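With the hints as extra help, turn the sequences into a complete structure.
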Amino acid sequence: DGGITQSPKYLFRKEGQNVTLSCEQNLNHDAMYWYRQDPGQGLRLIYYSQIVNDFQKGDIAEGYSVSREKKESFPLTVTSAQKNPTAFYLCASSRRGGTDGGYGYTFGSGTRLTVV
Amino acid sequence: GIQVEQSPPDLILQEGANSTLRCNFSDSVNNLQWFHQNPWGQLINLFYIPSGTKQNGRLSATTVATERYSLLYISSSQTTDSGVYFCAVHEWIRYSGAGSYQLTFGKGTKLSVIP
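These protein sequences, in sequence, are chains F and W.
If you read the first sequence in the working numbering, its first letter stands for residue 1, the second for the next number, and so on.
If you read the second sequence in the working numbering, its first letter stands for residue 117, the second for the next number, and so on.
Everything labelled a hint here was simulated from the structure, so no lab data went into it.
There may be inaccurate statements among the hints.
Unchecked claim - Listed next, the in silico DSS-like pairs over lysine-lysine satisfying Cα-Cα at most 30 Å (straight line):
hint, chain 1, residue 1, chain 2, residue 2
1, F, Lys57, F, Lys14
2, W, Lys170, F, Lys57
3, W, Lys170, F, Lys83
4, W, Lys170, W, Lys226
5, F, Lys83, W, Lys223
6, W, Lys170, F, Lys9
7, F, Lys70, W, Lys226
Bear in mind that the values here come from a model prediction, so they are computed numbers and not experimental data.
Given below as structure tokens:
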């Protein structure tokens with residue numbers, strides 16, 4: 001079945017460490033996205049990528065980095081510069097939208113990151 | 117950017133009751149989605165509904181794009197309907213001479229269905 005796989009489900013990070021969250025999709029979608037969710041809040045966009053080797057900052061990109069070397073993969077690195085990284089991280093993908101409209105998004109099951 | 121407001125923020129229902137969730141948005145949008153986030157965090161797409169009405173079992177949604185709102189109806193609620201319901205709109209963002217659609221979320225309605 002086609003879908004999005006995020007790993008790991010739970011991740012613990014020590015202060016000062018960088019950690020990388022994995023996101024893989026086999027839906028043949030061009031566009032991929034990373035969102036952060038804090039308790040009681042909606043989702044906020046960190047980074048997005050419309051095609052391979054191209055990505056753009058979202059609303060809260062500071063302290064995060066991404067790469068898009070393959071269509072299927074869009075890993076997110078949470079760097080030590082991110083002051084409050086404890087949150088739930090969701091990856092999504094969609095077909096690439098045109099000027100007449102976007103397409104529906106599919107989400108992974110998320111990674112819960114905790115700083116210890 | 118576009119503002120998305122959802123109401124009510126919290127809702128408690130007795131099993132079997134009906135409910136209506138509302139989503140208001142501040143500007144014209146091309147597309148809108150409703151999601152259900154289950155207690156384990158998984159976001160499930162319920163409806164992709166830029167305008168009009170759609171139904172899927174006990175759930176239905178209506179979007180009135182000209183008046184900038186969407187409604188999600190849940191009938192005969194069950195305990196498995198519990199979770200957070202999000203409305204999200206597709207917003208066109210320009211960058212570097214190009215552009216793309218981004219999904220802007222409301223803060224959600226937390227629904228608790230009690231037996």
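Evaluated hints:
Taking the CA atoms of Lys57 (chain F) and Lys14 (chain F), the gap is near 25 Å; set against the 30 Å cutoff, the hint holds. Only pairs whose Cα atoms come within 30 Å are accepted, and Lys170 (chain W) paired with Lys57 (chain F) is rejected, the gap being roughly 34 Å. The straight-line distance between the Cα atoms of Lys170 (chain W) and Lys83 (chain F) is roughly 43 Å, outside the 30 Å bound, and the hint therefore fails. Restraint check for Lys170 (chain W) and Lys226 (chain W): the C-alpha separation of about 22 Å stays at or below 30 Å, so the hint holds.
For the hint pairing Lys83 (chain F) with Lys223 (chain W), the CA-to-CA distance comes to about 23 Å; that is within 30 Å, so the pair holds. Note on Lys170 (chain W) and Lys9 (chain F): the hinted pairing is violated, with a Cα-Cα distance of about 33 Å set against a maximum of 30 Å. For the proposed pair Lys70 (chain F) and Lys226 (chain W), the alpha carbon gap of about 37 Å is over 30 Å, so the pair is violated.
Going through the hint list in order, the structure does not satisfy hints 2, 3, 6, 7.
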